[in-house]
Every structure is written in C-alpha cells, then in structure tokens.
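There are 2 protein chains.
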Amino acid sequence: MPEESSFPTLKRLLVGKPIPSHLAHHERLSRVTGLAVLSSDALSSVAYATDFIVATLIVAGTAALGYAIPIGLVIAALLAVVAFSYRQTIYAYPTGGGAYRVAKENIGENAGLTAAASLLVDYTLTVSVSISAGVLAITSAFPSLDVYRVQLCLVFLTLLTLGNLRGIRESGQIFAIPTYFFVVSIFVLIAIGLYHYATGTLTSVAAPVPDSAGTRQLTTLLLLTAFANGCTAMTGVEAVSDGVPAFRPPESKNAAATLVTMAVLAIAMFLGITFLAHAYQVMPTEKESGVSQLGRVMFGTGPVYYLVQAATTLILVLAANTAYADFPRLASIVSRDRFLPRQFMNQGDRLAFSNGILVLSAFAALLMVVFKGDTHALLPLYMIGVFVSFTLSQTGMVIHWRKKRTPGWKTSALVNGFGAVVTGVVLVIVAITKTLEGAWIVLLLIPIIIALCKATRRHYDHVASQLTLRNYTPQRRVHNTVLMPVGGLQRAVVEALRYAETLSDDVRAVYVDVDQSATDQMKKDWETWGGKAKLVILESPFRSVMEPLLEYIEQVENERTDDYVTVILPEFVPARWWQHLLHNQRALLIKGALLFRPNTVVTSVPFHLAK
Amino acid sequence: MPEESSFPTLKRLLVGKPIPSHLAHHERLSRVTGLAVLSSDALSSVAYATDFIVATLIVAGTAALGYAIPIGLVIAALLAVVAFSYRQTIYAYPTGGGAYRVAKENIGENAGLTAAASLLVDYTLTVSVSISAGVLAITSAFPSLDVYRVQLCLVFLTLLTLGNLRGIRESGQIFAIPTYFFVVSIFVLIAIGLYHYATGTLTSVAAPVPDSAGTRQLTTLLLLTAFANGCTAMTGVEAVSDGVPAFRPPESKNAAATLVTMAVLAIAMFLGITFLAHAYQVMPTEKESGVSQLGRVMFGTGPVYYLVQAATTLILVLAANTAYADFPRLASIVSRDRFLPRQFMNQGDRLAFSNGILVLSAFAALLMVVFKGDTHALLPLYMIGVFVSFTLSQTGMVIHWRKKRTPGWKTSALVNGFGAVVTGVVLVIVAITKTLEGAWIVLLLIPIIIALCKATRRHYDHVASQLTLRNYTPQRRVHNTVLMPVGGLQRAVVEALRYAETLSDDVRAVYVDVDQSATDQMKKDWETWGGKAKLVILESPFRSVMEPLLEYIEQVENERTDDYVTVILPEFVPARWWQHLLHNQRALLIKGALLFRPNTVVTSVPFHLAK
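Chains B and G supply the protein sequences, listed in that same order.
Using this note's numbering, you'd call the opening residue of the first sequence number 1 and step up by one each time.
Using this note's numbering, you'd call the opening residue of the second sequence number 1 and step up by one each time.
Copies of one chain are not kept apart here, so a pair can be met inside one copy or by any two copies together.
Heads up, simulated DSBU-like pairs for lysine-lysine below, C-alpha to C-alpha not over 30 Å straight-line:
# : residue 1 : residue 2
1 : Lys454    : Lys611
2 : Lys534    : Lys523
3 : Lys523    : Lys591
4 : Lys591    : Lys611
5 : Lys403    : Lys253
6 : Lys410    : Lys253
If you're looking for bench data, these hints aren't it; they were derived computationally from the structure.
Model the full structure from these sequences, guided by the hints.
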C-alpha cells in the first residue's frame, strides 16, 4: 500500500503541476500569441459563415445567391461596429469586462445572470459547432469518413477535455502555428481566386445543385434568415475583451491592438470567401464545406488542398478550445457570487477548472450526439446566446458611460449605444427566424439556468445566515459518550476499541443478543479484550440488529443533555477496489440511520487490509 | 427535519415489518398451500413444454409431429423418476436438501459450487422464461400487444421485485387461487378436447404452417433436440425438496405427499396437452402459444378463453415468483459459507434478502432486454443449469446412502442412482443440442461464477487471518492529536471545534494562508472563538490548500509514535438531496487523501442545515 496519500499523484496526473503565484506573470500574452489564443473562435467562423448564407438562399433558386454579397457586406459592417464597441470595453474594464460583469454592474443582477446563462450555453455550443465544423473539413477531404462523423467529433472532444484537464491552456505557442497557417492559407486561396477572376480564367466549382433549390419563394423572411445565419461570422469577437488581464502590460493597449487586428483579418477573410463563393458558384452541403470546394478548384485535390483542410480543422478545434478557457473562468466568477455551486470556484489550484471542463464536455457531447455532429442542425441554437450577451454587454456599457461621465463619455456612449442597437436588432432577427427551427431550446434553457442560479444563491444565503457567529452562543457540551456496536471480537474491533478509549472515559461496546451461545462467547472474550470499556448487551425479540441499536442510541442521548454521542465503527479499507463490495454494508446503514440525528457523530476507524 | 432516524421508515416501506422469532411457526405451509407455493414452477411449465417439442419437430415437416407423443411419454416417465428420487431427498434432508448442500456435503466443495452456480443462473432464467411465457399468454389473446412485449415483461418484473421487497412471500393463500384455477382450467380443456376426439367432433386449430416447415431432414439430432426442449416440463421439480422446513409438522411427510401430488398433476397435464396438440394440429409461434390455440378451439374466443389465458399468465408469474424465494435463500446459504458477499447473508432481518431480490431482478431484466422477451430465444440457455443441479444432487444422494448405510440404503441408492443416470443423460443431450444455440453462455458463466465465489472466499479467509486475536498485541497508543482544517470561522466550524475539544487536550486548527488580509482576519476572530484549541497557520507558495495540509498531517504523525491523529471536518447535512451537490467537495477530497494512512482517523461532525 502507498505510504503516501494517493491523492496528489492522481491530481497531478489529471490536472498537471500547480502554478506558483510568482510565475503567473511569465505566462502573459504578447500581441502575437494573444491573437492566436483569443481569436481562433472569431477567425475560424469564416470557415462556415458563408456556407450558412449560401445554403439558406439556395432554397429560393440559384438566382437568389446574388444576395450573398450584399448580406456579406452588411455583416462585415456590423462586425466592425461590434469590434469598435468592444474596443471601448477593453479600456473601461482593464481587469476583464465579460458580459456577465458589465451587465451585472451596470444594469443589474437579472441582466448579469441572463448574460451568464447565455454565455454558458453559447460556450457549450461553440465547442459543439466548432468541432463539428472541424470534422466537416476532414470529411470534406475524405468523404468515406462521413459515417464516423459523431465518433470523430467525440474523439476531438475527448482530446480537448484531457488536454485541458492537464493544462494545455498555458502554451500560447502551440496556438500560433495553426492559427497563422490558417490565416495565410485562406489569404492565398483568396488571392488565387481573385487572380483567376480578374484574368477571366476561373473554372466554377460545378457542385451539384441540391434538390431543395428553388422550392421556396425569395421572401424578406428568407433574406433575414440568410443574414441571421451569416452572423455566425461575428461570434467570438468578445473573447479579447474578456481576456484583457492575460495580456502583457500595457494590457489594455495590447488587447485593443489585438482586437483591431483580429477584426480586420476576420472581415477581409469573410468578404473574400463570400465573394469567391458567389463567383465560383460554391454549393456547400452537410458533407462538403464551401472552403473545401474552393480549395479543390484553386489547388486541385493535392497536398496543398489537404494542408488547407488540416489547418481548417486545427483552427476550429482551437476555437472549441477557447470555450474550455472561457466556460470554467465564467463559472468560477459566477460561483464567486454564489450563483453556481462552489465546486466551480477557483480556490488556489486548478481543481475548480477541472469541474468546469468536465461539465462543459458532458453537455457538448450530448449536443453532438443528439444533433449527430451536423453543424447545420446545431446552427439555429447557436446565435441566441451570443447576441443576448452582445446586447446586454453593450447596453451595460452605455449605462457605464452615463454613470462615469469621464471626458468624451458622450461619444463612447454613442458608440456602445449604436453597438447595442445593432446587436439587439440582430438578436430580434435571429429569434424570429430561428425559434421554430430549434432556438426555442435555448430560449427555454436560459430562464431555467437563471432559476437554478437563483435557487443556488438562495440556498447559500440561507446557509450563511445559519452559519453566522453574530449573536451565537455555543451549547455547553463537555462530555462525550462513546458507543461502539460490536458483533464479536476481532482485531479490527479491538483496535477501534483502543482508539475509542482515547476519546472518553465513558466507552460502551454495544452487543445485540440474537443467539445465546454466541453471547456467552462474547462475554468470555470480553474479559480478555474489553479493557476500560463497558459491555452493554441488548435483547432483540425480532432478531434484528439495527433496531435495538438505534433504540439504545436514542436512550443514551436522553441520559444527559451536556454530552455528545460518538458512535465508533471499525471500517475495512481493502487493498483492491472490488473488495469494497464485500465489506462495510452495515456500517454504511448505521451511518445513514444516524445522519440526521443532532449531536451524534459517527467515526469510522480504518482497518487496512493487506490483501 | 425528522427527530427520529429516517432509516427504519424507509426500510419498513421497502421490506415490510420484521417477523418476530416466535411467529415463524405460524407461517408454515399446509399441503394445500404448499402445493400452491412450491409447485407453480413445475406445473406452469406444461404451458410451454409441449410447444417447444412441436416447434422443434415442425422443421422436419408436419409428418414429424407424430413423434411428439412418444417423446412426451419418455419425458413423463423421466419426470416420475426424478420426482421419486427427490422424494428420498425429502426424507434424508428434512431440514432442506438443496442441490448445493447435498452436493457439497457428499461430493465436495467444487460440486457444491457447481450446483450453486447452476442454480443461481437457473433461477434467473426461470424469472425471464416464466415472465416471457406469461406475457406470451397475454399477447396470444391480444396480438396487438406483441410490440410491447419487452415492456410488459419489465412491468411484471417490477411488480414482482416490489412485491418481494415488501414480503409478498408470506401469503400462501394468494398463490392458491391462480394455481388451482390454472390446474382446473387445464383439466377442463383436456376433458373437452378428449370428448371431441372420442366422439369424432373435433375441429383442428388450422393455424398456418410456418415457412420453416420441412426445411430439414428428420435426424436423430432433431429428435434429441425436441426431447431436450420438452424436458423443460421437468424444471421446478426440486422446489418441494428445497422447502421441506417450510411445511407444517410432520414436515417430511407433508412435503413428500405434496411432491407426489405435484408430479401426478404435472404428468397428467403435460401428457394431455401433448396429446391434444397433436390431435388438433396445434402450431405454436412466438406470437401465439399452443395452449392459447387449443383454448380458442375448445371455448371459442370468449370469456372462458380469456379466463384460461389470465390463469396461465398468473401461474407463470407465480412461477417466476418462486425464484424470488429460492435465489435469495440460496445466496444466503452460500454466503454463510463465505463464497458470496456477506451482503446476501441473512442476519436477522430481511435486508439480506432484499439484496438477493435486487440482484436477481437486475440480471433477469438484462436477459429479457437482450433476448427481447422471447421464450424460444431464451430456451437454449435454460436447461443446462437445471440438469447440472439435478445430476449433482442425485449423485450426492447416492454417496449419502453409501455413507449412512441406514436400513434399505441399497434400494434408496439405486433409486437415486437411476435418477442421476437419467438426468445426467438428459444433461449430455441438452449440452450437445443446445451449446451452439446459446447454451455456451451458461457453460461459460458457471465456471466464472465458481471462480468469483472462490475469490470471495479467499478474500474473506485472508481477512479472517488478519483479524484473528491469537498472538495479537495491540499497539500502545494512548494519545490523540486532533487536527481540524479551517478555512475561516463560522458556526459549523465553531461547533466542530467544541466537539474536538472533548476528544483531546491537543487540538490544533490548521489554516492555510493564501491571502494576507484573510489570514489577519482569521487571527483576530480566533481570539474570540478559538477556545482551548491552538491555531496553526501554514504557508502556501502554490496557492494550494490541500498540499500544505497533507504535508502538515504527515509532519504531525512523525512528532510522536504513541498517538493517533484524528482529523475533524465539519460536514453539512442539507435538508434536501440536491443541496448535497452544493457542499462538502473538499471534505470528500481530504477523506480520500487520508484513507490509506495508518493510525489516522477522519471524523465528520455533522452540521444540520434547516433549509
């Protein structure tokens, strides 16, 4: 048996080495690594946002695809507005301005909880959608793998879970390579595409038009739906403003520069791909993405094409990974306000984050299995949460400026106010076009989560009021009556008895008489091994052991009012886990029976079995 | 919160009132109730045994069905032989002569364990097969219910489980009505059938001949398979000899008379149904049983037919119920020999039986789900266990007579020897014809169960050798160092501290310094609430709480050799179950970390939350 506790080893294995306080500074992000770590969500969404616009428009026929360009331009403009809005949050909240905090401080508790619930749902969907889209990049390249779609999703999820439990989060460098490779390869793709377009040498994708094409009229609702779907390009913009304190000083300045770089890159890539998708008549399906179709045309189905697909998969998996930093951090902040179980609260080591990671993975896995790893099926659920938190955060900022009235506050308020209106309008459009397609799940889930948060807070408040030391006088209990139920005498019992004798002068072994000859033997053995303890023999007309025991404990408790009753139970600690099944059931029952009894303490004295 | 423990109430609800010792006598069985309680398994098997013969023969064409009559006669003769053999066991083992005991005492431990493993498997299959056949009687009457076959099986299983947990076993009367009603209705059916046959007024069942008919040759193997399948009629014969002590005195005489009555009834019903099945050209399928087809012809599809089907279902469910008495009893006997976990051992109240009931139900449910509640699919697994135990039991009886040499022992040995040979031959036939069809599962399972039993026994023997008081000198430990990790001061901590002070003069509260201002506050509060205890403050360079704590505990243990270390943890006992999720994670971790440490006792001092 281990001389040392087995716990630190297990924890070390699962969650990695602890970080000493004075090292925390060294891990801060530069602009280059910051862009890699915090932008993968925003940048990677260009891999699917255009597809969603095209796939929506096609039901009104190929002619409707022309609307993709103006819709793309509107979305790009919105992205610029939102990025500019968040740039202000970075300067106003240099210690991190997540939507929860901004909404709670400026609007109120309910707004904060709404933002938190939306974000928790959103992070879970980010994991599911990003991994699904990453797997789509693989199955686009290797169509025969499509039947293993859900399995592949779960493999990536498992890798992310284990990596994050061990602490992959710290290494900014490993993010840089796939992120920058993705950005470069997309720009190369766009450049080649534009060159062919300009020189008139383009060959269209020539993908088969789906059966659904032209089955519906081109209505305003359809255009709004295409717009709403394209707004996935805006997800992830908030990540930099949440992570300001992770930057090297000057934190705000570095973060703001990173945010602007990210926005410019995202807008350029999104517009480029959207333009090419139209020019090359891309026709994305749930089995092949638009970027993959473009890649095949530009590079041919050769090594460069496969590299681009690999980079797409990698950045999407990294995008999922950002949720693994965001979800536990938000859960920790919310649980510090006692709205979530304290198991999520970071208390010095990484254990709390492990709980957040496991909860996130469990829900993301559920979504992947239920929606069969299909990004198009998950999409309607995705954006409600994002835009609820956008709108609340921007609205909160407007109130923030009105309260602070720092120089230039009116301009700032105007910028954030515009952002709030814009994201609010998108939210309404998303809600209108998506509710029946599945967004109702999220619209139902958010209030449920809020209610659970409030119930949790209420419970902790009740507990705090029961724990306060104000006006508290402890009961005068000075004596301890130690009882030890015994079924016979053996080494574990005798050792527990010796332990019991160190606790009190009043130790009583309690034996239930179910068989006269066994009782006589017990009395005889007691003379040798009993020591200072007293032997109490109880009658049992019903052959039951438990009931006389419980009655006796009650009787002892009534004997005097100034004592505790301590019940000592020897407990076997087996050498192998399965041996647990062979022991201790009765001890467990006694513990269960005494759990709600006041002033009664049950103590298990371990007896370690060698094999 | 309950003033009294909630345990007895819960137990009462689940397992019923305890039976006082002096009442046990009143519940003994008369011949009439004994037949009802112990014979339902044997009698009910006539509801399906004939079907299995016919369904096997039909693959060789309708002409082959003529062999059903001679096969039926052979089985009837065997049933008489086996019953006569077991009649001797009743007199030789008036305190109950189960196959486990007879084989173990007379042949040896391995034979006993083989019999026990076979019977445990067999009882599980009895539950599955009987309930499935009972549901078949329902779906025969109402074919539209066939799609809910598995669900219906699980409903009956749940009812039996709950009924047995509450103690349905005691009421012999409720068994009598359906058993005797079944017997009477089968005899009425046979009488009407014979009357029509004799008067030449019979109309055949005219069920459609299945597609498989005539697809195979009539081989010896096929005849043996039909015979083996028909031998299901013999299952349950041993039940009376197992239950001798449950009879009113003179126990053996009453039991023997009951056994003979049962055998006569079973043989008459089996032969009658087999004869009619042939005469009326019954063609059982997995959707309609032969008895149901006969019933429709004899009574028309009217109220009498439905009553017969209801009686069939009821007696089959009762047959399953006998396994609920047998399985826990056998498990209890085997665990008394320490071959099964002691949780199965009856120790005065019914709790041990509850464990047996739950295990039996779990495995039976698994079988029903895996084999989709189809009796024909479960059949190949069924009989191996029955005939292994028959053969071992009869062989054991031969050895028993040879040892005892009581007057007339040679005749007795001859009878049992003949029984052993007959059941051994059937066992071989069953093994040959059934192994590939699924009996391999059972042939694999029996040695696995035996191995588990031996591992269990070995473990308990090791434990016993570690627990013996022979040559044992307890360590001299007279002192108790009481440690209490505290994260701050509140009521639960102060109460636990007061408790700790009753245990020892050396009580130390251990506080981990992760934040200077919190530590200062702690020191200040300590002056008010600390009492006799000493405050120890630990540094934590890694912001971790657990590691400095565990290191300090180790350090304290090295301070002196004559003491125990008791770690006191306040533990919240919430008023509602879900609130458990919100508390005590850290306490659990500390407990886990200290579990394997010698001479260290962890004590939780409960703090009861009001809401």
